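Trainee: The numbering of the sequence shown is numbering that gives the first Met the number 0, which starts it at 0 and goes up by one.
Misleading hints may appear alongside valid ones.
Lysine to aspartate or glutamate pairs mimicking EDC-like chemistry, simulated, CA-CA at most 20 angstroms apart [claimed, not checked]: (1) K99 x D81; (2) K111 x D38; (3) K104 x D73; (4) K36 x D112; (5) K104 x D38; (6) K111 x D72; (7) K30 x D50; (8) K49 x D81; (9) K52 x E64; (10) K52 x D73; (11) K99 x D73; (12) K49 x E103; (13) K51 x D81; (14) K58 x D38; (15) K36 x D72; (16) K36 x E64; (17) K110 x D69; (18) K49 x D102; (19) K49 x D72; (20) K48 x D102; (21) K61 x D73; (22) K52 x D72; (23) K104 x D69.
Hints listed in this document are in silico derivations from the structure and should not be mistaken for laboratory results. Treat the numbers as computed from the prediction; the structure is a model and nothing was measured.
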Amino acid sequence: MIKSISILFVLVPYLLFSQSISGSYFSAGSKCKISLKIDAMNHFVFSSKKDKKIQGTVKVVKENEVTYLDFRDDIGGVFSNDTISIQNSGNSGNLYLHFKACDEKYIHLFKKDFREIKKR
0 MIKSISILFV LVPYLLFSQS ISGSYFSAGS KCKISLKIDA MNHFVFSSKK DKKIQGTVKV
60 VKENEVTYLD FRDDIGGVFS NDTISIQNSG NSGNLYLHFK ACDEKYIHLF KKDFREIKKR
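All chains, full assembly: derive it from the sequences and hints.
Mentor: Take a look at the structure:
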């Protein structure tokens with residue numbers, strides 16, 4: 000009995016705080032029109048009208064309560080509350096631009112709810 004209760008205390012926080020990264024993401028309210036799809040095996044595809052598609056397998060790293068996503072070509076992001084935030088460009092000491100079609104420093108991609116997609 001005590002063993003069952005202790006297992007329950009270990010599993011409940013994990014189930015409550017684990018979020019699935021798989022899904023379709025879109026930039027909202029932004030001049031930057033980028034979409035991202037991640038499947039259950041962590042394969043991803045970034046798409047935009049002007050840039051070429053970037054695809055690969057995303058590496059998920061959890062430190063403390065933060066979930067980091069490591070795509071390819073030095074593209075990294077933070078996942079929280081069904082939102083992926085990516086720093087798109089550097090500064091004068093570290094020049095880079097991941098998505099040329101987007102001139103914003105940060106890109107926020109919001110997960111599209113499956114029920115919302117199904118309504119269309």
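Trainee: Hint by hint, work out which the structure violates, then give me just those numbers in ascending order.
Mentor: 1, 5, 6, 8, 9, 13 and 16
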